[in-house]
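Construct the complete structure from the given sequences, taking the supplied hints into account.
Each chain, written out:
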Amino acid sequence: MQCSLLLLKLERQKNCLIRTMDTLLPFKKSAPLTIGLELELQLVDLHHFNLVMEINDFLRRLSEISHTGTIKPEITQSMLEINSSVHLSYLSLLNEVEELRGILVEEADQTHIGICGGGAHPFQKWKEQRIFQTERFSSFSEQYGYLAQQFTVFGQHIHIGCANAEDSLYLCHAMARYLPQFIALSAASPFHQDVDTTFDCSRLTVISAFPLSGTPPWILSWQEFKTYYQKMLRLGVVKSMKDFYWDIRPKPEFGTIEIRICDTPLTISRAVDLVAYAQALARWLLEKRPTLCRDIYLTYLINRFRAARYGLEAILIDPIQQKNILLADDIVQTCNQLESQAINLGSQDALTRIYIMAVERKNDAAWLRKQYAELRSLNDVVRSQTEIWRYGEGSEKKCSH
Amino acid sequence: MHDFLHFPLHINPVFLFGLTLLLGLLGGEIAKLTRILPRISGYIAVGFLVGPNGFNIVTKTLLIDASFFVDIALGLILFDLGRHLDFNWLRHDRGLLPMAITESFLTFAAVFTVLFLFKLPWLPSALAATIAMATSPAVVLMVAHDISSEGPITRRTMILTSLNNLFALILFTILLPIAHIKSSTPQVISEHITYRLLGSVVLGLIMFMITINLSRLTGKNKDSQFVLFVGAIALSIGMAISLNLSTMLTLFTLGVVARNFDYKHKLTEVDFGWLARLFFVLLFVVTGVYLKLDGLWKFTWIVLIFLIVKILAKICGVFIFSATSRLTKQQALTLGVTLLPMAELAIGMSNRLVYFNPNFSYQLITIITAVVAVLYILGPIAVQLAFIKTGEAEKLSY
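Protein chains in written order, with the working numbering: chain A, 7 to 407; chain B, 221 to 618.
Hints are not guaranteed to be accurate.
Chain B regions said to be covered by chain A (calculated; three or more residues, Cβ under 8 angstroms) [to be verified]:
1) 304–311
2) 370–381
Cut-off 27 angstroms, straight-line C-alpha distance, at most; resulting in silico cross-link-like pairs (DSS-like, lysine-lysine) [unchecked claim]:
3) B:Lys-339 - A:Lys-131
4) A:Lys-131 - B:Lys-440
5) B:Lys-484 - A:Lys-376
6) A:Lys-245 - A:Lys-294
7) A:Lys-294 - A:Lys-329
8) B:Lys-549 - A:Lys-131
9) A:Lys-376 - B:Lys-486
10) B:Lys-609 - A:Lys-78
11) A:Lys-133 - B:Lys-484
12) B:Lys-252 - A:Lys-133
13) A:Lys-245 - A:Lys-78
14) A:Lys-35 - A:Lys-248
15) A:Lys-131 - B:Lys-442
16) B:Lys-440 - A:Lys-133
17) A:Lys-376 - A:Lys-34
18) A:Lys-35 - A:Lys-237
19) A:Lys-368 - A:Lys-329
20) A:Lys-133 - B:Lys-442
21) A:Lys-245 - A:Lys-329
22) B:Lys-518 - B:Lys-339
23) A:Lys-232 - A:Lys-34
24) B:Lys-512 - A:Lys-131
25) B:Lys-339 - A:Lys-376
26) A:Lys-248 - A:Lys-34
27) B:Lys-609 - B:Lys-549
28) B:Lys-339 - B:Lys-512
29) B:Lys-549 - A:Lys-78
30) B:Lys-512 - A:Lys-376
31) A:Lys-232 - A:Lys-35
In short, the hints are calculated from the structure, not lab data. Even glycine gets a Cβ: it sits at the ideal position worked out from N, Cα and C.
In structure tokens, the structure reads:
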């Protein structure tokens, strides 16, 4: 209760600040290619493994413990978000997030709840979800009605530091070509509302319902972007940059781009591998500076859909080369392309694991389906999610009693 | 016509079942309209009004007919209560078990001391204090369900209720044979205690093994497992009655073992849902029949002091270990309040006490029934307010 009051106060102050501005925050200068991670996690009951409304008390307990990074609430009361600090290498990011995971697991044990990854809870009922009461979330709920409760899905956001605003806009559009890869690699939401959706990533269909989802406008100069933003602000379409639920967007207050397309993977290591992959890709793009072509968006939505639907088996349409390619093969090619970047960034191991995933075509969605085939119960699938989150891969063996 | 009909009409158990449900439903809906009272209060009021202390529609003979339904209802509740006792949680939260022990035995000690100071004999006082230890699982389960209360305090209420009922059940099973007028020799008493305690636990374990083996046939199908659980519960009740064991302890053991020893997760989390509601309505109405408030006028001071020390002991017991469990003061207070209701199990224990020893202190039975009546009436309201205060309830009234 105290915790939510404090958050409410902070939120009000922040909103007052935003209301007084009619311009975009200046793009903060940050060290290029620094990385950061946001993960939205599920809080579950340890008996029936449904989502639990525990965030208020859990945040209070966590506030009594010192830790790096930030831990905060999300739109509904069974969601938790962890944010890392800024890092230069993926290994230091991994260490920090693993430390955070340890703290979360210990605290969750004491109050007897479970924590897990995954892009959607397999059988929660959206109408049972309760909004976390802050001014922002309440206004969101009022604006979007039942969509706010349906927004109980769990994503990973990746931040890549940019030297300047122009670089951030360039990367937002250059990365668009690769976003289906991130969808397929992170896909971890095959089950939703008690059914196998036949999608690898069902979370994206929830996000697509929002009018401000999709891709950023085709603007490559920061000055023009500022004008666009001011127009949208004056028209009352948005109140801040946070209202754009784009798949990728510049984040001026951090001096980063934010990739928002990924499901929260089932393990910390996979989440950090994806950050390392994005970092290597950003480095390659900034170094090679391939020419941007607006035609990339001709097939963006269909490729996005196919990646969500078929995962690593999706057939992508390359509008520039005018050919089709298997998504898994596209990732393999990209990994080969990024090898020297990964060596320079010290993230070869992460790149190798991404490569193996693509070759073996095994993402988290495949793992979840395999669990369901063995266990025949979605409750037990969530149980296995909590175990793999706690112990990492191979946990099914460790926890099989 | 007179060949077919015989007046007065015989009220059969099915008629009684239907009538209880419909009247209970009516009472529950009227209570709901007040927006303050929980549905349970309406069920209890109906029971009280139709019982011997009200309009005397439901007689003692009819209550015996209804005992089958009440046994099933209690069985479902105790099995569910046992499933709330998760040893893993006790291992991780070092404050939880000490909190349960403290609040239970502080209540026992306080109530026992008060009754003893009022010159009541030690054994009946100890039995009354044992009954006072247990929180009503039906009240907390049903109020939490009705107002969709979910969260840390609701969950802690369940596990503490589970533990204080366990302590009370064990202590009651030990003390009861001592109060038995016929089994006066120490050897007979100890044999009786051992048989009932161990026998009930062993029967619970055997029923668990049967259930888990049958689950291999049903697989994880929820509908089949629902039938499996209801069947296992009914069979356990029947066996416990036939073997003269404690039905309560048997069912509780079955629940605890199903929660903690199902290593391969063969059993699913079956929600008794609508079935539980049917039996809960029935249980509250039927137990409402037993409510007697005359002790409140006859032994006003003892009843009031009994109530006050019970309330204080429960709240203090929770407070002492709240810091170890990292609860806030407000959480500890509301948790203490949620542990106050006494109802179906207390009534069951009191009835069993009279059954076992008809010469049992009239004064004490009158006191116990008055305390139970007060906490049966006020308990659900207190629990509802406490859950609302924690912010864990979704809606004020359904």
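Verdict on chain A covering the region 304–311 of chain B, where coverage means 3 or more residues with a C-beta closer than 8 angstroms:
It holds: at least three residues are needed, and the region 304–311 of chain B offers 3 whose Cβ sits within less than 8 angstroms of chain A.
Measure nothing beyond the straight line between the CA atoms of B:Lys-339 and B:Lys-512; if it is 27 angstroms or shorter, mark the hint as holding.
Roughly 23 angstroms separates the two Cα atoms, so the pair holds.
Do the alpha carbons of B:Lys-440 and A:Lys-133 lie within 27 angstroms of each other, as the hint requires?
Satisfied, since the Cα-Cα distance of roughly 25 angstroms is no more than 27 angstroms.
CA of A:Lys-133 to CA of B:Lys-484, is that 27 angstroms or under?
Since the Cα atoms of A:Lys-133 and B:Lys-484 sit roughly 32 angstroms apart, the hinted pair is violated (cutoff 27 angstroms).
Would the pair B:Lys-609 and A:Lys-78 pass a check requiring their Cα atoms to be no farther apart than 27 angstroms?
This hinted pair holds, its Cα atoms lying about 23 angstroms apart.
For a C-alpha distance cap of 27 angstroms, please report whether A:Lys-368 and A:Lys-329 respect it.
Given that 27 angstroms is the threshold and the Cα spacing comes to 25 angstroms, the pair holds.
Would the pair B:Lys-339 and A:Lys-131 pass a check requiring their Cα atoms to be no farther apart than 27 angstroms?
violated (57 angstroms)
Quick one, are A:Lys-245 and A:Lys-78 close enough, alpha carbons at most 27 angstroms?
Holds, at roughly 21 angstroms.
Proposed proximity, B:Lys-486 with A:Lys-376 (alpha carbon, max 27 angstroms)
holds (18 angstroms)
Please verify whether A:Lys-131 and B:Lys-442 have alpha carbons no more than 27 angstroms apart.
holds (17 angstroms)
Below or equal to 27 angstroms on CA atoms is what counts here, so check A:Lys-248 against A:Lys-34.
Satisfied, since the Cα-Cα distance of roughly 16 angstroms is no more than 27 angstroms.
Next pair to validate is A:Lys-35 with A:Lys-248; report whether the Cα-Cα distance is within 27 angstroms.
Roughly 19 angstroms separates the two Cα atoms, so the pair holds.
Checked against the numbered hints given earlier, this structure breaks hints 3, 6, 8, 11, 17, 21, 24, 25, 30; the rest are met.
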